[in-house]
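Chains as they are written, first to last, in my numbering: chain Z, 48 to 401; chain R, 62 to 594.
Among the hints, a few may not be true.
List of simulated lysine-lysine pairs, DSS-like, C-alpha gap at most 30 Å [what the hints assert, rightly or not]: (1) R/297 <-> R/316; (2) R/276 <-> Z/116; (3) R/297 <-> Z/116.
Hint data in this document are derived by calculation from the structure and do not stem from the laboratory.
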Amino acid sequence: MTSIPAPPSRSRLLPLVKQILLGLGTLAITLLGLLLITFIIARVVPTDPVLSIVGERATEAQIAAIREKLGLDLPMWQQFAIYVWDAMRGDLGNSIKTGAPVASEIARYFPATLELATLGTIFGTLVGVPAGVLAATRPGSISDQIVRVVGLMGYSMPVFWLGLIGLLVFYGQLDWVAGPGRLDPTYDMMMEFTLTSYTGMILIDSALNGAWDVFGNAVSHIILPAGLLGYVSMAYISRMTRSFMMNELGQEYITTARVKGMPEWRVIWVHAMKNVLVPLITVIALSYAYLLEGSVLTETIFAWPGLGSYITDALFSADMPAVLGGTVVVGVAFVTLNMASDILYRLVDPRART
Amino acid sequence: MHLKHGLGRAAVLAALLAGTAPMALMAETPADTLVLADAIDDIVSIDPHEAFEFSGVDLNNNTYDTLIELDPTKPGELVPGLAESWSVSDDGMTYTFKIKSGITFSSGNPLTAEDAAGSLRRVVKLNKTPAFILTQFGLTPENVDQMITFEGDTVTLKTDKAYAPSFVYNCLTAGVANIVDMKTVMANEVEGDMGNAWLKANSAGTGAYVLKSFKPNEGYVLEARAGHWRGDAKIKNVFMQHVPEGATQRLLLEKGDIDVAREMTPTDIAGVEGNADIKVQNDVGGQIYYLALNQKKAELANPKVQEAMRWAVDYVGMTDSILKGQWVVHQAFLPQGFLGALTETPYSLDVEKAKALMAESGVTLPLEVKFTVRNNQERLDIATSLQNTFAQIGINLVLDVGDGAQGLEVYRGRLHEMTLQTWGPDYPDPHTNASTFASNPDNSDEAKATGYLAWRTAWDPGAEINAATDAAVVEKDTAKREAMYQDLQTKVRDNSAFVFMFQQARQDAMRANVSGFYAGGATDSASYWTVTK
Chain Z
48 MTSIPAPPSR
58 SRLLPLVKQI
68 LLGLGTLAIT
78 LLGLLLITFI
88 IARVVPTDPV
98 LSIVGERATE
108 AQIAAIREKL
118 GLDLPMWQQF
128 AIYVWDAMRG
138 DLGNSIKTGA
148 PVASEIARYF
158 PATLELATLG
168 TIFGTLVGVP
178 AGVLAATRPG
188 SISDQIVRVV
198 GLMGYSMPVF
208 WLGLIGLLVF
218 YGQLDWVAGP
228 GRLDPTYDMM
238 MEFTLTSYTG
248 MILIDSALNG
258 AWDVFGNAVS
268 HIILPAGLLG
278 YVSMAYISRM
288 TRSFMMNELG
298 QEYITTARVK
308 GMPEWRVIWV
318 HAMKNVLVPL
328 ITVIALSYAY
338 LLEGSVLTET
348 IFAWPGLGSY
358 ITDALFSADM
368 PAVLGGTVVV
378 GVAFVTLNMA
388 SDILYRLVDP
398 RART
Chain R
62 MHLKHGLGRA
72 AVLAALLAGT
82 APMALMAETP
92 ADTLVLADAI
102 DDIVSIDPHE
112 AFEFSGVDLN
122 NNTYDTLIEL
132 DPTKPGELVP
142 GLAESWSVSD
152 DGMTYTFKIK
162 SGITFSSGNP
172 LTAEDAAGSL
182 RRVVKLNKTP
192 AFILTQFGLT
202 PENVDQMITF
212 EGDTVTLKTD
222 KAYAPSFVYN
232 CLTAGVANIV
242 DMKTVMANEV
252 EGDMGNAWLK
262 ANSAGTGAYV
272 LKSFKPNEGY
282 VLEARAGHWR
292 GDAKIKNVFM
302 QHVPEGATQR
312 LLLEKGDIDV
322 AREMTPTDIA
332 GVEGNADIKV
342 QNDVGGQIYY
352 LALNQKKAEL
362 ANPKVQEAMR
372 WAVDYVGMTD
382 SILKGQWVVH
392 QAFLPQGFLG
402 ALTETPYSLD
412 VEKAKALMAE
422 SGVTLPLEVK
432 FTVRNNQERL
442 DIATSLQNTF
452 AQIGINLVLD
462 VGDGAQGLEV
472 YRGRLHEMTL
482 QTWGPDYPDP
492 HTNASTFASN
502 PDNSDEAKAT
512 GYLAWRTAWD
522 PGAEINAATD
532 AAVVEKDTAK
542 REAMYQDLQT
552 KVRDNSAFVF
562 MFQQARQDAM
572 RANVSGFYAG
582 GATDSASYWT
592 VTK
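Generate the whole structure from the sequences, applying the supplied hints.
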């Protein structure tokens with residue numbers, strides 16, 4: 048007898064499709080809300096974007112002409128509707144300051160931030176999770192105290208100060224890493240004129256091109272700012288891991304496992320960790336999303352041309368299309384990471400699959 | 062056990078970090094390369110006919126040339142640029158320029174009179190922010206093809222009236238009058254933009270360098286042109302890195318990773334003093350710090366109160382402390398370096414004299430004045446000093462702090478009482494400041510003449526000063542013109558709604574082996590082709 052293969056279960060696929068649709072719906076609503084709030088704040092602030100581009104000499108007539116050209120003379124709801132309609136078609140408008148399309152400007156700045164934030168999150172997770180576990184398994188011990196103090200320092204020390212001290216020590220004194228910027232000028236030239244850019248992320252692009260000297264230079268440039276961001280997120284991740292893990296280690300199933308004679312590493316890293324992972328994924332995703340907004344101070348000190356400095360510059364020059372464009376990207380990053388962590392939950396926790 | 066593994070992983074990571082060390086080591090920058098660090102996020106455009114910010118104009122100064130130039134080695138002196146000679150007709154309304162032969166653009170195209178005329182026409186037709194520097198001679202998009210013409214190797218420029226020739230020539234040294242390769246530019250025209258979008262990422266000039274790459278908020282790369290008409294530049298490659306933070310620039314400079322740091326703070330400058338590898342070059346900039354007193358507030362229109370205020374500013378105290386190295390005492394509307402600029406500084410802090418003047422003024426004391434100041438540390442420091450000294454003569458300053466654009470809106474709307482402002486010249490001719498500080502043809506609210514600083518602060522200079530400003534801009538004799546501006550500055554300094562305090566100083570820190578770096582002073586822009594290492 049041949050067995051007839053069972054058709055794919057509709058009951059298993061449906062929740063996933065439903066969740067994705069729900070996610071997309073959330074994305075749309077979140078973005079609309081974000082845009083609306085940013086738009087209102089931008090209009091409430093008594094700063095005239097036109098003044099920042101026409102210069103001090105401009106006459107009232109010139110200012111009025113530019114205001115009309117930019118559509119700033121229209122009622123606010125109309126400006127908002129036009130913006131949303133254009134954004135839906137992928138047109139984020141042109142920057143008031145430079146006149147260049149915001150989408151292409153963001154495409155240039157975002158990869159720099161993405162590269163930095165990803166590496167920072169990897170550092171933060173690789174160090175933060177074991178440190179949190181270490182602290183949780185020996186509460187009150189010296190190692191717990193060390194993790195706590197190091198974590199507190201990450202929370203409380205101003206990031207620009209840490210950045211400058213980091214530069215002074217590792218670049219200025221020890222010569223372990225390269226200075227600010229993404230590449231040394233000569234490698235930068237090489238990257239720009241002889242290599243192909245696929246993603247805008249130098250580490251990936253140089254590796255894809257097989258340009259290992261450029262890759263090495265990029266690593267030595269990124270290691271310090273990424274390490275700094277990693278430290279800040281490590282502080283958060285280790286504290287949360289400690290608290291989640293301590294909670295799990297107090298559960299009855301852990302006592303049962305220990306009574307059954309299971310090795311301690313298995314109790315912690317297999318049984319307890321499985322349950323800790325669920326909330327931890329959210330913590331890591333949130334910390335990643337936070338870094339993706341672009342850390343303005345880190346970017347300033349390390350002369351890193353990322354999204355944070357782009358949005359800040361845009362805010363200072365009241366360049367609303369650029370601010371809104373940046374907001375859209377940050378919003379998309381947040382919602383996408385949220386969706387990704389939801390999907391990861393489902394993989395980790397069978398209860399979430401229903 | 063696994064916990065140890067966790068630590069082991071951290072140790073591996075630390076080892077990885079340490080393993081990058083050899084790659085990071087970098088010696089001095091190459092001998093034929095100049096690496097600069099500056100905050101270049103002010104750049105809006107590098108199209109020479111649109112660029113109007115310091116960093117963009119500095120860049121263009123090295124990739125383009127003008128018909129007439131300011132000589133980097135003799136500041137203030139006009140020398141031939143792309144024109145070998147020039148003259149003005151007897152009626153003072155027609156200027157003729159003979160274009161040098163044998164000069165090529167970076168594309169290889171030869172420079173022609175057609176390019177020169179086409180470039181100046183392009184300024185007027187594009188009509189971007191700095192276009193007024195040329196349109197003030199009566200040029201409009203409609204008439205410019207008739208007003209600027211060419212024939213053979215000669216370009217002719219007609220003006221609507223007989224201005225002082227020195228005024229016209231000075232304006233032609235400004236960045237907006239750079240000559241572009243019209244064939245290349247127009248070949249890259251998109252939707253009638255006259256190549257504007259293309260020139261925001263490329264250069265098409267006759268300058269000592271050609272733009273290899275420009276990344277906003279990141280930096281730019283220039284490459285020297287072989288066989289340049291001025292002689293080949295010693296520095297073959299110029300790298301400009303956008304480094305906004307002064308302390309970071311200092312670290313890069315100390316390490317020898319950059320040659321010139323252009324945006325170091327006084328603290329950082331003080332920090333490198335005594336370092337034999339680094340030298341600091343002092344220069345002046347064109348910006349002026351001044352107080353504007355709104356004449357709609359009766360007490361501030363009282364000449365005795367105005368004079369008292371001039372004696373109640375701790376000029377030297379501020380330049381010796383909070384403004385050290387950044388600003389110098391300067392008490393006239395023309396910055397040092399301009400034709401006719403007054404260098405004397407008759408006012409100093411004299412509380413007793415100021416008190417006596419306040420008593421003579423008849424104003425009820427204490428006088429409360431709202432003081433609009435931009436939210437920036439340096440300005441707040443100045444405001445605090447003024448608050449202190451003004452309080453001693455019976456004037457209580459109430460700070461009204463906001464961001465730059467907010468303060469500017471208040472000022473342009475005549476809504477301030479007293480405001481602390483800076484003003485930078487738009488082009489290297491005295492008229493640029495005279496026309497705004499010493500001219501206000503219609504002081505009524507309806508005039509909305511926001512381009513005049515005198516109007517903004519509701520000050521009517523009176524028929525005599527208005528007429529003197531108009532006369533100075535058409536005076537043909539340069540020596541007489543100089544005397545006229547000196548007289549104007551004295552009058553405005555001693556009796557107006559303005560209190561002039563400081564002129565910008567500039568400090569560029571560089572490696573000791575760098576010489577010939579010219580920052581441009583108050584009238585010109587940076588030159589890289591003069592640098593040797």
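Consistency of the hints with the structure:
no. : hint            : result
1   : R/297 <-> R/316 : 22 Å, holds
2   : R/276 <-> Z/116 : 27 Å, holds
3   : R/297 <-> Z/116 : 43 Å, violated
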